[in-house]
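Asker: Listed here are the chains, written in short residue letters.
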Amino acid sequence: MKLDPLKILLSPAAIALIIVSASILAVLVYESLNTWIQDGIGFLLRLEWSPSEETYGTYGMLAPFLGSLVTAVIAMTVAGALSTALAVFVNEYAPKRFNNFISLALFSMAALPTIVYGMWGLSVFAPAVRQSGLASLCAMGSPTGYSVFTAGVVVGLMIAPFSAAMVLEAYRAVPFTYVEALHSLGAKGFERAGVILGLIKGSIIASALLSFGRAIGETTIVAMTVGNVINLPLCPFQPAHTITSLIASQFGNAYLYPGLQSRLLAGALVMVIGSSVSTSLGMWLARVTARRLKGESL
Amino acid sequence: MDVTVKIRNLSVWYGQQKALETVSITVPKGSVYAILGPSGCGKSTLLRTVNKLILLRDGAKVEGNVEVFGVDVYNSNSLSDEVLAKVGMVFQTPNPFPHLSIYDNVAIGPKLRGQAKGKELDKLVRWALEKSGLWDEVKDRLSRPASELSGGQQQRLCIARALAIKPSLLLMDEPTANLDPLNAAKIEELIKELSGEITIMLVTHDADQARRLASSGALLFLGKVVCEGPIDSIINGSYCDLLQNLVSEHLTTQTSKTKSKEIKKRG
Ligand SMILES: Nc1ncnc2c1ncn2[C@@H]1O[C@H](COP(=O)(O)OP(=O)(O)OP(=O)(O)O)[C@@H](O)[C@H]1O
Ligand SMILES: [Mg+2]
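Protein chains in written order, with this note's numbering: chain A, 1 to 298; chain B, 1 to 267.
The set of hints was computed from the structure by calculation and includes no laboratory data. Misleading hints may appear alongside valid ones.
To be verified - In silico lysine-lysine, BS3-like type, Cα no more than 27 angstroms apart, as pairs:
no., chain 1, residue 1, chain 2, residue 2
1, A, Lys188, B, Lys86
2, B, Lys61, A, Lys188
3, B, Lys139, B, Lys166
Unchecked claim - Here are a few chain A residues that face chain B, going by a calculated C-beta distance under 7 angstroms:
no., residue
4, Glu48
5, Ala181
6, Ser184
7, Gly186
8, Leu199
Remember, predicted model here, so these are calculated numbers, not experimental data. Glycine is no exception: its CB is placed at the ideal position from the N, C-alpha and C atoms.
Sequences and hints are given; from them, build the entire structure.
Answerer: Following this line, the structure appears as structure tokens:
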């Protein structure tokens with residue numbers, strides 16, 4: 001085997017990455033071991049939340065767990081809808097010179113720190129939700145505008161540039177021969193887009209999975225806009241918690257409550273696993289789809 | 001003589017590169033018109049100017065006159081859509097939509113145009129598949145994805161897709177180029193059958209195929225029409241023999257050039 005200098009240079013970086021992620025997992029597992037041994041996944045299925053400083057309290061995380069899922073699904077939907085709409089608009093309607101401008105806008109949106117989105121959610125979107133009166137649709141609607149819906153939408157906006165880049169790329173990569181075939185059949189604009197979206201369905205689902213993976217771990221924005229109440233998210237305009245927002249708000253003082261730290265870290269582990277599974281699935285699907293489209297165009 | 005397509009002084013550029021130069025041809029109605037010529041001479045480009053697909057290419061520029069069914073398609077947008085709705089196209093490489101079923105691939109044209117629905121659409125799809133000789137092979141798996149068909153079947157599916165819009169003019173770009181002799185023969189048979197009913201512009205670089213199918217045609221070389229007329233005059237005529245010799249000479253000098261380059265490289 002030849003010694004490739006680039007390989008020697010890069011291997012430590014790759015190894016370091018693997019070691020760091022492995023150690024993160026190891027720490028999460030180790031610190032939450034108590035929970036897994038005593039309770040298994042019971043804490044994820046339990047609703048009761050009664051903290052205690054003296055004895056082991058009950059820390060059921062069903063509500064924040066569902067909060068995480070619902071928020072992530074809303075975010076994924078928002079990001080998916082926006083990026084699909086953008087891909088159709090850019091490719092079917094916008095003049096070509098618009099492309100650079102849109103790339104630039106996407107880049108800058110992707111580069112914004114999440115705290116900026118959080119602040120926007122706090123000062124613009126949440127008040128808008130409050131004034132819209134949507135909360136009255138829920139039995140326990142949020143009087144403040146902070147809700148699962150608010151958090152989901154803002155997280156969705158934060159993720160949208162990434163998923164838009166992916167869907168745009170897939171749309172552009174559709175073999176030209178299909179575009180020509182559609183034109184020869186008289187399909188334009190919306191009709192053409194419909195068929196092309198069908199062709200890249202795999203990529204759209206892949207980007208949704210990646211969005212979900214990203215959204216479920218998002219903390220800053222959610223902690224700022226979700227309302228931070230332990231509440232089953234039965235209605236989207238209710239305030240609630242997600243596992244990440246719960247950790248953000250509780251972890252600082254968790255050492256005062258026996259057992260809480262372990263529960264929170266177990267929750268974090270569940271989020272990490274969910275996020276990695278969703279992300280890996282998404283990446284796999286994106287690869288398969290791209291390969292299939294290329295292969296089938298001959 | 002009734003004329004389906006009349007092209008006058010047509011020049012086409014891809015960016016700076018000229019692909020067609022002052023091309024003029026006349027395609028008579030209800031016949032097979034062959035477009036012949038060596039690879040890269042502009043056959044596909046010429047076909048794509050007839051139904052304006054050429055405008056989809058970045059930087060493509062078209063100059064001159066293209067009349068389809070008497071309508072100048074580059075200068076009367078409202079009428080051109082109407083006219084081009086009667087033009088179908090079959091491509092050099094089979095390109096059925098891989099995510100759609102066999103049925104939907106054929107139905108897509110009429111569906112998009114709102115030409116047929118329900119039972120009527122079923123009938124139309126069956127008619128197109130029968131016409132393209134595919135019905136017996138696929139009638140039991142109409143809902144399977146088109147990507148499961150063989151290359152030859154895919155090309156016949158594409159022909160069915162084009163026929164389903166009931167075209168009066170069918171553009172075919174080397175429809176048998178990538179097929180085995182059996183599938184190629186089936187498609188030739190189909191072209192013969194269709195030729196009585198509609199006009200077909202057939203791109204091919206196979207002189208024998210042109211002689212078998214076409215009644216007239218044009219020979220292109222380096223973006224120019226070197227001769228046009230009845231098919232026999234193109235393939236056997238003395239003037240064209242000369243030009244064909246020119247073509248083959250041009251090709252042999254090119255190959256001998258590359259060969260001598262190869263020899264130099266090896267030496
Ligand atoms: N999209 C494009 N951009 C730039 N040049 C192009 C493009 N498409 C074709 N050309 C050029 O235009 C010329 C004519 O191409 P065309 O595809 O019409 O040839 P053809 O006669 O159909 O060849 P073949 O028999 O190989 O299919 C060629 O020199 C080709 O390189
Ligand atoms: Mg060609």
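Asker: If a hint holds in the structure, say so; if it doesn't, say that too.
Answerer: Against the structure, the hints come out as follows:
{"no.": "1", "hint": "A/Lys188 / B/Lys86", "verdict": "holds, 16 angstroms"}
{"no.": "2", "hint": "B/Lys61 / A/Lys188", "verdict": "holds, 21 angstroms"}
{"no.": "3", "hint": "B/Lys139 / B/Lys166", "verdict": "holds, 21 angstroms"}
{"no.": "4", "hint": "Glu48", "verdict": "violated, 48 angstroms"}
{"no.": "5", "hint": "Ala181", "verdict": "holds, 5 angstroms"}
{"no.": "6", "hint": "Ser184", "verdict": "holds, 4 angstroms"}
{"no.": "7", "hint": "Gly186", "verdict": "holds, 5 angstroms"}
{"no.": "8", "hint": "Leu199", "verdict": "holds, 6 angstroms"}
Figure legend: structure checked against the earlier numbered hints; the only hint not met is number 4.
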